[in-house]
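Chemist: If you want the building blocks of each chain, they are given just below.
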Amino acid sequence: MRTSPLTAKDHHLNTVFPSPFHSRTEPLNKLKIWARWGDYLSAPAFSCSSMEYFACRSTCGVFDLSAMVKHRITGPDALAYMNRLVTREVSKIKPGRVGYTVWCTDEGQVIDDGTIFHLREGDYRLCSQEHQIDWLMANAFGFDVNVVEDTHDVAALALQGPTSCATLKRMGLSGIENMKLFGLEHYPFEGTELMVSRTGFTGDLGYELWIDKDYAEVLWDRLFEAGELHGIKPIGEEALGLLRIEAGYIQAGVDFMPANETVRASHTRSPFELGLSWLVHFDKPVFNGRKALLEEKQRGSRYQQVRLDIEGNKPAKDSYVYKGKKVIGTVTSAMWSPSAKASIALASVEAAYGKPGEELSVEIYYQRELKWNRVIAKATVVKEAFYDPPRRRQTPAGDF
Amino acid sequence: MTDNNNIIIIGGGHNGLVCAAYLAKAGKQVTVLEAAGQIGGAAITREFAPGFKVSAGAHLLNLLDRDISKQLALKSHGLKMAQQAMNTIALDSGGKHLTFSGNQVSGEDVSAEDKAAMVEYHRFMTRFAGVIGGLHKQVPPRIRLDKRQDLISLAKTAWSVRRMGKTDMREFLRIAGINMYDILKENFEHPMIRGALSLDGVLGSFLGPRSNNSVFCALHRWSGTDGINVAKGGMGSVTGAIAEAARQHGADIRTSSPVARILMEAGQVQGVELENGEQLQAGTVVSNADPKTTFFNLLGARHLEAGFVRKVQNIRMRGNASKLHLALSGPPGFTGLDENQSGERLLIAPDIEYVERAFNHAKYGEYSAQPVAEISIPSLGDDSLAPAGQHVLSAIVQYTPYELKAGWPNARQAFIDTTIDLIEEYAPGIRSRVLHAELLTPVDIEREFRIHGGHWHHGELALDQFLMMRPVPGSAQYQSPIDGLYLCGAGSHPGGGVMGSAGRNAANVILAKGQEIQK
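These protein sequence lines map, in sequence, to chains A and B.
For the first sequence, our numbering gives the first residue as 13, with consecutive numbering after it.
For the second sequence, our numbering gives the first residue as 1180, with consecutive numbering after it.
Okay, chain A solo, but in the shape it has when bound (with noise of 0.2 Å):
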């Protein structure tokens, strides 16, 4: 096992940092308010959440991703490790792909989610919502692989919305069109390469373009040219917000606690719990939470995540989830989806309920000009995502 040496950025806990494409994002921040992100300073929103929300789902928007916490993993064996990091059987993401995964502890309670890029053969990046290396390492002991976080060294945008394949063909990416949804490929681009791939986070057409951070400004500038005339516009975490609502993807420390950040137990939650049993193989004969997930299949889970569609226009923050008169849950995420043209949530419900059709109510509390009013909206359960175009899997992409 081996692991880079600890740099300044590594203090992460008491410093922030501007991300690689700050010149650039901090004369665009038309508000001047910055949040942190991870190790950066991240735009809330550059001018108007909402404007910045339209312009991914009918042109296309930039959001730069570089916070996101990636780990680069090689060696013999990188194949082996992953495998028995997360639940997912990894040898199925071939490389040239991308697969999303959880990772759980012993006890089966999902530590985090992320993306598994196959670069190369044997040559592996997840990317993870939560700072993860210390578990990374621990993993490490036995095999012969090198694990290193490299945040800091890969500037990344996402480029999402129905133009945003159109920009990368003006950009000079030719043949991108091409590319299936969850690929990847390296282009070359200003002396350095460039990988592209066909992720993210909206539900929509879209692409994450990641590269060396020295030439982060390059790509930026380029892919702003080559956006002008299809409606490009940087956007900030507040749109991302609502656009992974809709698209139905939860979120680490949103709808779920990491469990390796949780003291109590009944507060983390299982892969089925989230709604993600998709993303176990028990066919793998090892993986951290193996045995304690094949017993909770056995048992029965606590809880399950759920969609609602929910009556009324008011968006159900943070409101309990009852059957009648009995508290079952709680939303974890809410909005009114412009789209859907619904007030829609993720919740989290006792596992007995939830089932596609069913029917729930939430507790709403909301105010007007100060004054706080309630009501209990009915809420039905949905099995599908609330926004989910063709256009996002279509292949060759389409130019709109």
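Wrong hints could be hidden among the right ones.
Covered by chain B, according to a simulated footprint, are these stretches of chain A (three or more residues, beta-carbon under 8 Å) [what the hints assert, rightly or not]:
{"no.": "1", "segment": "142-154"}
{"no.": "2", "segment": "293-299"}
Some but not every residue of chain A turned toward chain B, in silico, with C-beta under 7 Å [what the hints assert, rightly or not]:
{"no.": "3", "residue": "Asn95"}
{"no.": "4", "residue": "Arg96"}
{"no.": "5", "residue": "Asp118"}
Hints are computed from structural coordinates only; laboratory data are not their basis.
Don't be surprised by glycine CBs; every beta carbon is placed ideally from N, CA and C.
Using the hints, position chain B against chain A.
Modeler: Chain B alone, transformed into the frame defined by chain A:
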């Protein structure tokens, strides 16, 4: 399908052999695979110089479980004692040694107060050690409330503490987690009494008298019920007798059969592969090896979940004790001791500060400039060990950390000289009678006995590595995350010393599990 009646035991140490004997007695088909050329693990007698034999690992027998002795009829299988209920003598270079015999301590300048304190110390140590000793016989309970056996076991444990009565219970709870320095200072004035008794808490451990857990270690040592003994023919005859019992019950015991790896498939043990490539199938594999060797070297960390691996990595088991063997051309000649006295358990620990200073070196990766030692000269009571008129001296010497900064190859001779110089202070002229000296440092112990870190207890004996926490939570009760793989060594409850309890308890668990499956 693997045969569930067929059981392989990796390692023919005393616990592996005890486990084999019990399993074979219950009708199981047992094969013991010992890596070395002779059985016994770290409980063996071997020649270290032409004509001189010694118990190469453990040398005093004070913890062997009486029930095991009886149930396996070790006497009828040839186990005899050369010396029984030995006294302990604290050596003084001026010859003013102290003798500990039961609850009595005698010596030239021992005060009446110290003599009275010894009676009381012996009373409460024996009583408290009895609580610990009571736990040796039981499979440690899991901290869960859904299994009746675990609940009963937990209740028994609590009751054994509670029924001591208020005063003793309070005292037990007060001292069990603290250090020898404090309680010996509270009770005794004589520096040699403090020094000698403090060794009970630190021998074989990475502890000084001021380290917490040293009282617990002492209680563990005191938990034996039959005094301190030496077997005729050395420790090898103890394991020899156990092996004989196992063989008579039908166990197949093979030497020179080092296991390369444990075979498993889909979380279920399938058997083992020997270093020569031979594969043996079995549905149950019991490892007498220490937990790190078992899980990392024989099984492979990659076959285990990472949280469990991290717990095993964190087991504290850096050896700190060495074994010195001297072949002597004549009697040892300790100042002020006659031949009978020289055959007792002899200690070099002149005061408790001396012991603590000796430990200081170990903390920084050095060996003690002034070591402490527990010495036995078994040839005084057993003429089978050395040529007539000549003798063997066996000593546990510490502190000698496994991770020595200078590296053991460079330091070995210097440390042998240091130790012989030390003994020379108490036995002038002994150096000239040394025909041969052998030192087993923790690194040698690791190599010869295949114990990770050369820690002969297979892990520090400490409150946080005892009962359901030994070796780690998730592998207590002699089981492991791999179905069919069990542990039976000193790394499991109740730990080190030639006890046999871990082997017997493991056998009980395996037999109970077999019945569960049959139901």
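Chemist: Grab the minimum C-beta distance from A:Arg96 to chain B and call the hint holds if it beats 7 Å, violated otherwise.
Modeler: holds, 6 Å
Chemist: Can you tell me if the segment 142-154 of chain A counts as covered by chain B, using C-beta to C-beta distances under 8 Å and a minimum of three residues?
Modeler: Holds: 5 residues of the segment 142-154 of chain A have a Cβ under 8 Å from chain B.
Chemist: Are there at least three residues in the segment 293-299 of chain A whose beta carbon sits under 8 Å from a beta carbon of chain B?
Modeler: Holds, because 3 residues of the segment 293-299 of chain A bring their Cβ atoms closer than 8 Å to Cβ atoms of chain B.
Chemist: Given A:Asn95 was flagged as interface, is its beta-carbon under 7 Å from a beta-carbon of chain B?
Modeler: violated, 9 Å
Chemist: Against chain B, with CB atoms and a cut of 7 Å, does the hint on A:Asp118 hold up?
Modeler: Given a least distance of 4 Å, the restraint on A:Asp118 holds.
Hint 3 alone, counting from the list given before, is not met by this structure.
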